[in-house]
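Chemist: Sequence:
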Amino acid sequence: MIEACHVDHAPEMDRLVIAIDPPATAGAEADECGIIVAGRCGGIAYVMEDLSSRGLSPLDWGRRAVAACHRHKADRIVAEVNQGGDMVAAILRQVDPTVPVRAVRASRGKRVRAEPVAALYERGLVRHVGSLAKLEDQLVSWTGEGASPDRLDALVWALTDLMLGARAPDPTIRTI
Numbered sequence: 012m013i014e015a016c017h018v019d020h021a022p023e024m025d026r027l028v029i030a031i032d033p034p035a036t037a038g039a040e041a042d043e044c045g046i047i048v049a050g051r052c053g054g055i056a057y058v059m060e061d062l063s064s065r066g067l068s069p070l071d072w073g074r075r076a077v078a079a080c081h082r083h084k085a086d087r088i089v090a091e092v093n094q095g096g097d098m099v100a101a102i103l104r105q106v107d108p109t110v111p112v113r114a115v116r117a118s119r120g121k122r123v124r125a126e127p128v129a130a131l132y133e134r135g136l137v138r139h140v141g142s143l144a145k146l147e148d149q150l151v152s153w154t155g156e157g158a159s160p161d162r163l164d165a166l167v168w169a170l171t172d173l174m175l176g177a178r179a180p181d182p183t184i185r186t187i
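FYI, the numbering for the sequence shown is 12 to 187, going by our numbering.
What the hints contain is simulated information worked out from the structure, not anything from laboratory work. Heads up, none of these hints are tricks.
Here are the computed distance ranges between Cβ atoms for each label pair:
1) Met98 with Gly176: 20 to 26 Å
2) Ala15 with Ala101: 38 to 44 Å
3) His20 with Gly66: 27 to 33 Å
4) Thr109 with Val151: 34 to 40 Å
5) Gly176 with Lys145: 22 to 28 Å
6) Gln105 with His17: 33 to 39 Å
7) Leu70 with Pro111: 18 to 24 Å
Note that the Cβ used here is the ideal one computed from N, Cα and C, for glycine as well.
With the sequences and hints as input, model every part of the structure.
Modeler: Here is the structure:
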């Protein structure tokens, strides 16, 4: 299923977001900070970049997310705040107070949150641009147990915002 969604290039996006799943702690032993760049063109989502990394300080992941927001001209940063509350948005605003931030809070388990996104893949509504090997490894190997799937979590937040949230595309008929 993953191989079928590979494309070399993405079209011009209607919307684009940077999603971040920050770790509770920093350092070499901390969870990865999931940072995913994704966009939507029509009814198709495009995962464009995986900037996730381990060992980033809060200021470092904030800078990385904001730089991606500027580089890709993203509409906003979607940030999970379960592990840091107001601190997550405060870090992002410290880096750049003009960047729009949407704070999201997980109230359901990871598997339940990921199921609607998995359905988008099954329906052929998601494309991966270029090589996203570490993200794809996590997507196909996570069983619901073990280490936190931070890349996957950030991907779920990005695609939920783009395709399943209040601003997701509705089916429409275009006139010619």
